[in-house]
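K.L.:
Residue numbers (my numbering), protein chains in the order written: chain A, 1 to 166; chain B, 1 to 166.
Think of the hints as simulated: they come from the structure by calculation, not from any bench.
You can't tell identical chains apart in this list, so a pair holds if it fits in one copy or across any two.
The calculated lysine to any residue pairs, modelled on SDA-like cross-linking and capped at a C-alpha distance of 20 Å, are:
1. Lys54 x Tyr127
2. Lys68 x Ile115
3. Lys54 x Gln129
4. Lys44 x Gly13
5. Lys44 x Ala10
6. Lys44 x Pro12
All values reported here derive from a predicted model rather than from experimental measurement.
Number of protein chains: 2
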Amino acid sequence: MFNTVLHQLADPGNVGMILRAHAAFGGNRLILTGNEKPFTLNKKFRNTSRSMYKHIPIDEFATFADFKEQYASQNAHIIGIEITEEAINLPEFSFPENSFLVLGSERFGLPDEVIEQCDSIVKIPHYGQVGSMNVAMAASIAMYECTRGKQGIKPVYNRMYNFKSK
Amino acid sequence: MFNTVLHQLADPGNVGMILRAHAAFGGNRLILTGNEKPFTLNKKFRNTSRSMYKHIPIDEFATFADFKEQYASQNAHIIGIEITEEAINLPEFSFPENSFLVLGSERFGLPDEVIEQCDSIVKIPHYGQVGSMNVAMAASIAMYECTRGKQGIKPVYNRMYNFKSK
Numbered sequence: 001m002f003n004t005v006l007h008q009l010a011d012p013g014n015v016g017m018i019l020r021a022h023a024a025f026g027g028n029r030l031i032l033t034g035n036e037k038p039f040t041l042n043k044k045f046r047n048t049s050r051s052m053y054k055h056i057p058i059d060e061f062a063t064f065a066d067f068k069e070q071y072a073s074q075n076a077h078i079i080g081i082e083i084t085e086e087a088i089n090l091p092e093f094s095f096p097e098n099s100f101l102v103l104g105s106e107r108f109g110l111p112d113e114v115i116e117q118c119d120s121i122v123k124i125p126h127y128g129q130v131g132s133m134n135v136a137m138a139a140s141i142a143m144y145e146c147t148r149g150k151q152g153i154k155p156v157y158n159r160m161y162n163f164k165s166k
Numbered sequence: 001m002f003n004t005v006l007h008q009l010a011d012p013g014n015v016g017m018i019l020r021a022h023a024a025f026g027g028n029r030l031i032l033t034g035n036e037k038p039f040t041l042n043k044k045f046r047n048t049s050r051s052m053y054k055h056i057p058i059d060e061f062a063t064f065a066d067f068k069e070q071y072a073s074q075n076a077h078i079i080g081i082e083i084t085e086e087a088i089n090l091p092e093f094s095f096p097e098n099s100f101l102v103l104g105s106e107r108f109g110l111p112d113e114v115i116e117q118c119d120s121i122v123k124i125p126h127y128g129q130v131g132s133m134n135v136a137m138a139a140s141i142a143m144y145e146c147t148r149g150k151q152g153i154k155p156v157y158n159r160m161y162n163f164k165s166k
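Model the full assembly from the supplied sequences, consistent with the hints where possible.
P.N.:
Written as structure tokens, this is what we have:
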């Protein structure tokens, strides 16, 4: 079971899409950190999440350190998704049982002080001449890789078509 | 080298995000099929694509059959991303050299007549109680899996941060 942590995300549409994928991949909690004002569950968020906020517990912390303190005792493994020199290549990373996938803001990614607080940093390999990706797509790729190798869990296919809105 | 085919996508924001990921993963052509009116490269598309339309060739065909006819002689392997009973589980699928990843509209996914024209159908495993995903995220996961195992290609990390907009 994984959890998703979003640090200083600004676009409710991105948060909504991430929550939708988080639910599809069987994620546990969604955690929001570092926003100046509490995150608003506005219409754009509700629509892009396909109302998944009704099914997934959402926690919010003023700072990333507050989140860490809360979960430190629970064997949490905190994994930043970011491009750094030392980051592990995503296909080569084995996600521990209680993984927290951490993604940073649309404009700045993960700041250094958050990277320093992570247990591992993982990067998504790009092969193009221009390597840039929407944060929601990076999040969904990390969730896919985090769950793809899970033994003993049976994928669910029959409840809804893949891309249907309603 | 893969190509991406979008059948009847309605939201320019989704097409833009997909083009951005397509470029990041080193995709060749972006192909649009089945739209009643030619797709407009409007502001939302240009912004969400991060101007990648300047770097990636975009083709448009009135029907999926027109696209197939054009590419039939080029050893194209056409792979529909959709949930069907016979679809192959994405982690178990080996992408051939000249793959065309085909994704369907936000509301209806891939229609039967397109599925019948594909060489393979592949599905993304979900583990949640509610299995639904934005088409752009499904596309990016397919691109990731299509490129992750490529031998002899070196990933590119140093050009731009992961999620930066500019």
